[in-house]
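Following the hints, put chain B in place on chain A, whose structure we already have.
Residue numbers (our numbering), protein chains in the order written: chain A, 1 to 467; chain B, 1 to 275.
Honestly, the hints are just simulated from the structure, not real lab data. Heads up, a few of these hints could be off.
Result set (BS3-like, lysine-lysine): computed pairs, CA atoms no more than 27 Å apart in a straight line [claimed, not checked]: (1) K68(A) to K97(A); (2) K315(A) to K231(B); (3) K285(A) to K315(A); (4) K181(B) to K103(B); (5) K48(B) to K285(A); (6) K315(A) to K103(B).
Just so we're clear, the structure is a prediction, and the values are computed from it rather than from any experiment.
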Amino acid sequence: MKRNGHGIAGMTGTIGTTGTAGTAGTTGIAPQWKRRSAWLLGGALVASAVLSGCGQGGAERTVSAYEKGDDTVELTYWIAAAEEVNLALVDQFNESKGPELGIHVNAEYQGDYWEMQQKINASAIAGTLPNVFIDEVAMAHGFAESDIILNLEPFIEATDFDPTDFQIGDLGNLRIDGDLYAFPHMRSVPVMYVNQTLAEQVGLDPAGPATFAELEAYLQAAHDATGSPPMYLFNYDFWVMEALLHSYSETAVLSEDETQSNINSEGAAALVRFIAELEGKGLIKVLGLADSNAFYATISNPDTALVFSNIGGYKPFTGMAAEAGVEYGVSMIPTGEAGTRGVPVGGSNTYLANTGSEREQAAAFEFMKWLSDTEQAAYASANTGYLPTRLSSLDTQLMQETFAAFPGYQVASDQLQHSRMRPTTGAYHEIEDVMGARLNDIWLDDLDIQPSLDALAEEVNAILGRS
Amino acid sequence: MQMLLRILRIALRAAVSLLLIAVFLTPFYWMILTAFKTLGEVMAMPPKFWISEPQWHNFVDAYTRIDFLHYAGNSVLITLGTLVGQALVAIPAAYGFARYRFKGRNTLFGLVLATMMIPGQLIFLPIFVMFARSGLLNTYLSLIVPFIASGLAIFMLRQTFMQVPDSMLEAARLDNASELKIIYTIMLPAAVPTLSTLALLTFIGTWNSYFFPLVWTTTDAVRTLPLGVQKLQDLEGLSPHIVMAGNMTLIVPILIVFLLARRQIMKAFTYMGVK
Numbered sequence: 001m002k003r004n005g006h007g008i009a010g011m012t013g014t015i016g017t018t019g020t021a022g023t024a025g026t027t028g029i030a031p032q033w034k035r036r037s038a039w040l041l042g043g044a045l046v047a048s049a050v051l052s053g054c055g056q057g058g059a060e061r062t063v064s065a066y067e068k069g070d071d072t073v074e075l076t077y078w079i080a081a082a083e084e085v086n087l088a089l090v091d092q093f094n095e096s097k098g099p100e101l102g103i104h105v106n107a108e109y110q111g112d113y114w115e116m117q118q119k120i121n122a123s124a125i126a127g128t129l130p131n132v133f134i135d136e137v138a139m140a141h142g143f144a145e146s147d148i149i150l151n152l153e154p155f156i157e158a159t160d161f162d163p164t165d166f167q168i169g170d171l172g173n174l175r176i177d178g179d180l181y182a183f184p185h186m187r188s189v190p191v192m193y194v195n196q197t198l199a200e201q202v203g204l205d206p207a208g209p210a211t212f213a214e215l216e217a218y219l220q221a222a223h224d225a226t227g228s229p230p231m232y233l234f235n236y237d238f239w240v241m242e243a244l245l246h247s248y249s250e251t252a253v254l255s256e257d258e259t260q261s262n263i264n265s266e267g268a269a270a271l272v273r274f275i276a277e278l279e280g281k282g283l284i285k286v287l288g289l290a291d292s293n294a295f296y297a298t299i300s301n302p303d304t305a306l307v308f309s310n311i312g313g314y315k316p317f318t319g320m321a322a323e324a325g326v327e328y329g330v331s332m333i334p335t336g337e338a339g340t341r342g343v344p345v346g347g348s349n350t351y352l353a354n355t356g357s358e359r360e361q362a363a364a365f366e367f368m369k370w371l372s373d374t375e376q377a378a379y380a381s382a383n384t385g386y387l388p389t390r391l392s393s394l395d396t397q398l399m400q401e402t403f404a405a406f407p408g409y410q411v412a413s414d415q416l417q418h419s420r421m422r423p424t425t426g427a428y429h430e431i432e433d434v435m436g437a438r439l440n441d442i443w444l445d446d447l448d449i450q451p452s453l454d455a456l457a458e459e460v461n462a463i464l465g466r467s
Numbered sequence: 001m002q003m004l005l006r007i008l009r010i011a012l013r014a015a016v017s018l019l020l021i022a023v024f025l026t027p028f029y030w031m032i033l034t035a036f037k038t039l040g041e042v043m044a045m046p047p048k049f050w051i052s053e054p055q056w057h058n059f060v061d062a063y064t065r066i067d068f069l070h071y072a073g074n075s076v077l078i079t080l081g082t083l084v085g086q087a088l089v090a091i092p093a094a095y096g097f098a099r100y101r102f103k104g105r106n107t108l109f110g111l112v113l114a115t116m117m118i119p120g121q122l123i124f125l126p127i128f129v130m131f132a133r134s135g136l137l138n139t140y141l142s143l144i145v146p147f148i149a150s151g152l153a154i155f156m157l158r159q160t161f162m163q164v165p166d167s168m169l170e171a172a173r174l175d176n177a178s179e180l181k182i183i184y185t186i187m188l189p190a191a192v193p194t195l196s197t198l199a200l201l202t203f204i205g206t207w208n209s210y211f212f213p214l215v216w217t218t219t220d221a222v223r224t225l226p227l228g229v230q231k232l233q234d235l236e237g238l239s240p241h242i243v244m245a246g247n248m249t250l251i252v253p254i255l256i257v258f259l260l261a262r263r264q265i266m267k268a269f270t271y272m273g274v275k
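With the rest of the complex left out, here is chain A (with noise of 0.2 Å):
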């Protein structure tokens, strides 16, 4: 098999399609605004879906791989997030591999993972759809319900792609039943970043806790010594207690089929009650939803122990504290009594559109894979703070020379051994915004934890319950 090939003229593969016209579920000059938004497209498109009757009912039709031909294919492409990375590499496809394919590629900014998340249901409905677009990792089902993207195993056949170098971290994302939908194009994981200036004057391990039992002591000595809160958390991003959930108390968000939320099990609630008798002493300071430029300030605050956070926040949060004099180093998250650790993989992927002609889609896919390609995945990690999405990328030099600069990549690299995948329902970040703003509520206003997760729990079933 031809490891990351540019198509092969003549191979042709099947594509069928999912069939259901199912939620797009969403979630973010207010996050919560832009959220509440896109919740009220998500209805309009299920509803536009299922009047129009845009499923496809698993049709399967042959897809052949691209030829150059006489003429130029023009792929329009929409990004988000890391705009400037993202259109340096279409620059370099556009002079390098596009004029060698007939390929040229147009890049639009859409703004962030929730903007476009809006942008594309909105467009699938006009019929306006990119060709190629990225989107944050969870939302590959919800596109896929909704037949806004592509299987691409069929091209994957025609064009013999081999993917399997993607094995970094969890990819459960971009597989429905078995079948690639997406290809990985930026990885994160929460990490955990540990003061080390203040570490070095109080005497604690500059490595931070290696364990929940130890995180108490630790962030008492770092209270103790500056009279401050050592911690803040902000639940704005879910994943961070994902991976709290995951670490602490060996469960996930919700069930493994994805029907029930296990936010009131035994584990949840003894999280919810660790983080809540911190709160009690003193020793962490939880913030409220809307409270991101708090949540950064408290980055650069020399009386800040420990920040958990993901590791796409490495370059800009060092640069941040080392203003204020603080150096932060890149510690795992600690670990479980059973010495359990588990870290969601997060970032984003890149979909192939149902739009276009054939000959789009497949010009589309070559794009694709260009883009996901060994230099270009290792040029996209060192240029943002992400992880590389092949396991190629990490021996490139300009890796080697990014996790010798920034030694925090490489334990973060190293944390993917512990990754699990984030929830795929499209509801999840409905669930995501419920679930942050109730535990606040425990938190912020001292309710009773287990009632109030019993409540919570029962919202989020509902939730799951109509999607």
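Here is chain B on its own, set in the frame of chain A:
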């Protein structure tokens, strides 16, 4: 004793006024302060409420990181287009509702009022589809036309036009004044405070609009300044000082327009309150 009470009352009023002023001005002060700070000063703990040396280059950075003139130009065009369009539609419509009796007038006016009760998020999708199918996506028209027929403008102007005495219109008609002349020479001068208020509200609403320019565009061609500032935030990551420099540029025109129109606006609200 009475003197003491009076002094206390004045002192209390002054204290409350100062408190209110502080509540309203602090965010602006903080924005301006942040726009002139270094990143280190922004992140300093405890926070600094002054600046040692203004960082003018934050503005240069903000303007060069995004195509500032392009976004600002789009904002000006779309805001002016909406203002002119609203005037062309709302003034005659309000005049018709206020001064003419015709079948279905109340029903039609009810429909106009109903448009004010429908959230934009509910209608943006069908409008997006309509624009996409008619090839109007990513055009100035797509960001101007939907806001021209403003229910609020028609309602407010109708109420104002109804206050003009019939005798003035009759006198004008006896002098063979056309309907356009009546609007121009009698109605509009009487409605200057209302027009100023509406113009300011439309200006603020259009200039600051984020959602519709976001969802009704797929390229940068006609995107406006709020989207540019948001893009600045995406590009700059954790650089609040540069983002605040961009925000200041967004807000200053609104403050200037408000300062220019504030007397008329106060008049309009005072007038409505008396009525």
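A quick look at each hint next to the structure:
Between K68(A) and K97(A), the direct Cα distance comes to roughly 12 Å. Compliance with the 27 Å bound is thereby established for this hinted pair. Simply put, K315(A) and K231(B) have alpha-carbon atoms about 19 Å apart, close enough for the 27 Å limit, and the pair holds. Taking the CA atoms of K285(A) and K315(A), the gap is about 24 Å. The hint holds against a cut of 27 Å. For the suggested pair K181(B) and K103(B), the alpha carbons sit about 25 Å apart, so the restraint of at most 27 Å is met.
Of the supplied pair hints, the one linking K48(B) and K285(A) holds, its CA atoms being roughly 22 Å apart against a limit of 27 Å. Between K315(A) and K103(B), the direct Cα distance comes to roughly 68 Å. Violation of the 27 Å bound is thereby established for this hinted pair.
The structure shown violates just one earlier hint, number 6.
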